[in-house]
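Chemist: Given chain A's structure and the hints, the job is docking chain B onto it.
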Amino acid sequence: MKNHVATLIIVSVLTVAVVITRQKLHAQNTGSRPTDKTGAMIANTTGAGPNKQWYSIFVTNIPPGYRDWRLISVAREEGTLDDIRAILGNDIAVKAYREGTLPFPEGAIIARIAWSYDASEENNKTFGKAQSFVAGAPKNGVQFMVKDSKKYAETGGWGYAHFNDGKPAETSFMQSCFPCHHAIKSRDDVFTRYAP
Amino acid sequence: MKIKSRSAREVIMVSLGILVTIAFAAQDRSALKAPNGVAFSEFQGYESWQTVAPSVTDNGIKSILANPVMIQAYKDGIPGNGKPFPDGSKIVKIEWKKKKNDDSPYSVEVPDTLKSVSFIEKDSKRFPDTGGWGYAQFNYDAASATLKPFGDDSSFAMKCYKCHTIVKEKDFIFTAYGPR
Numbered sequence: 000m001k002n003h004v005a006t007l008i009i010v011s012v013l014t015v016a017v018v019i020t021r022q023k024l025h026a027q028n029t030g031s032r033p034t035d036k037t038g039a040m041i042a043n044t045t046g047a048g049p050n051k052q053w054y055s056i057f058v059t060n061i062p063p064g065y066r067d068w069r070l071i072s073v074a075r076e077e078g079t080l081d082d083i084r085a086i087l088g089n090d091i092a093v094k095a096y097r098e099g100t101l102p103f104p105e106g107a108i109i110a111r112i113a114w115s116y117d118a119s120e121e122n123n124k125t126f127g128k129a130q131s132f133v134a135g136a137p138k139n140g141v142q143f144m145v146k147d148s149k150k151y152a153e154t155g156g157w158g159y160a161h162f163n164d165g166k167p168a169e170t171s172f173m174q175s176c177f178p179c180h181h182a183i184k185s186r187d188d189v190f191t192r193y194a195p
Numbered sequence: 000m001k002i003k004s005r006s007a008r009e010v011i012m013v014s015l016g017i018l019v020t021i022a023f024a025a026q027d028r029s030a031l032k033a034p035n036g037v038a039f040s041e042f043q044g045y046e047s048w049q050t051v052a053p054s055v056t057d058n059g060i061k062s063i064l065a066n067p068v069m070i071q072a073y074k075d076g077i078p079g080n081g082k083p084f085p086d087g088s089k090i091v092k093i094e095w096k097k098k099k100n101d102d103s104p105y106s107v108e109v110p111d112t113l114k115s116v117s118f119i120e121k122d123s124k125r126f127p128d129t130g131g132w133g134y135a136q137f138n139y140d141a142a143s144a145t146l147k148p149f150g151d152d153s154s155f156a157m158k159c160y161k162c163h164t165i166v167k168e169k170d171f172i173f174t175a176y177g178p179r
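The listed protein sequences correspond, in order, to chains A and B. First residue of the first sequence? That's 0 in numbering that gives the first Met the number 0, and the numbers climb one at a time after it. First residue of the second sequence? That's 0 in numbering that gives the first Met the number 0, and the numbers climb one at a time after it.
There could be a bad hint or two in this list.
[Said to hold, decoys possible] Okay, derived cross-link-like pairs now, BS3-like style, lysine-lysine, Cα gap no bigger than 25 Å in a straight line:
| id | chain 1 | residue 1 | chain 2 | residue 2 |
| --- | --- | --- | --- | --- |
| 1 | B | K82 | B | K147 |
| 2 | B | K161 | A | K124 |
| 3 | B | K98 | A | K184 |
| 4 | B | K114 | A | K94 |
| 5 | A | K128 | B | K99 |
| 6 | B | K158 | A | K94 |
[Said to hold, decoys possible] Some, not all, of what chain A presents toward chain B, calculated at C-beta under 10 Å:
| id | residue |
| --- | --- |
| 7 | T79 |
| 8 | R84 |
| 9 | G99 |
| 10 | S119 |
| 11 | K124 |
| 12 | F132 |
| 13 | Y151 |
| 14 | K166 |
Calculated from the structure, these hints are not laboratory results. Where is the CB? At the ideal position from N, CA and C, for every residue including glycine.
Next up, chain A with everything else stripped away, as it sits in the complex (with noise of 0.2 Å):
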């Protein structure tokens, strides 16, 4: 009789622990989950320019609407580059990221936006020594990886793409993208982790 009473002891709270921790699991998944209505509402109110057309094996227009996509992380770039810059995913790239899946599946887009690496005043009135930088002019242009397998076949099933005020930057350039970020090929070519 004793044992009965142990046993069903422990399966009560067994059950209350897989409860609470399927219930936490899932508090946490829909409060992070990408809500792809808000996605597309807000892609189509910042749009980029008209749909050209894509050619060679680089991406030559800009994705409309990377300016709301989620936040991956952010980074201070130092030396030639000196900026400061956040690193966004359209909702599929978000969710892998999520997800921890690898590769990056198709229509994964990342973008790259940056600022040059400012002083701030107010800051440092506020700190009372000169240790902010924040974001400043746009720099550096904007570079997007977009995943298509087929398409980008020979980069890894990366498109990669740079804009400088919004136009293409030279193919000799775009040529560097590839060798570099193949250094990472476990984690299919991308160097950013997901912050959040």
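Modeler: Only chain B this time, still in chain A's reference frame:
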């Protein structure tokens, strides 16, 4: 049903222990509240908000995100046009420690572990003493992987408010929207 062998009982007890650990290891953040009553749950889904701009300090790297109401206000020219952000505006500052990205061929600083998550929300009626903005900060404790509310009592919000008063003409918000 009888648990016959000692080893079977041990297996059950160990499983139980593991399950309980899993259940409580993931902190239930929905119960978190700052001392002024501003709850973490009021900002649910903040990870999916849109980016206002990143920033960097000596020992951290941050991203500031805002909810759709506030992003729209930014795009409409607030606060540069002299208008205040509308009620319902919410903004979050996610701050991480920073580290060098070892994978990168260039010198790049990227987020390390989380440091804190700070929120401000606009509700003119609810927060009349702090410029209409309600403040909350949750500091991340890496050892226990939990967030803890910052501030011993509700007066912490006055500290936030006083400092943010430097940018009163920008409706108390430091971070400008980074156009791209």
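Chemist: Does each hint fit the structure? Answer for all of them.
Modeler: Hint check results:
1. B:K82 - B:K147: Measuring from Cα to Cα gives roughly 34 Å; hence the hint is violated.
2. B:K161 - A:K124: Measuring from Cα to Cα gives roughly 13 Å; hence the hint holds.
3. B:K98 - A:K184: 22 Å, holds
4. B:K114 - A:K94: Holds. K114 of chain B to K94 of chain A sits at ~24 Å (cutoff 25 Å).
5. A:K128 - B:K99: 24 Å, holds
6. B:K158 - A:K94: 38 Å, violated
7. T79: Status holds, d = 8 Å.
8. R84: At about 7 Å, which falls below the 10 Å cut-off, the nearest Cβ of chain B leaves the hint on R84 of chain A intact, so it holds.
9. G99: 15 Å, violated
10. S119: 7 Å, holds
11. K124: 6 Å, holds
12. F132: 5 Å, holds
13. Y151: Y151 of chain A check fails; min Cβ-Cβ to chain B is 21 Å, beyond 10 Å.
14. K166: 15 Å, violated
In summary, the numbered hints that this structure violates are 1, 6, 9, 13 and 14.
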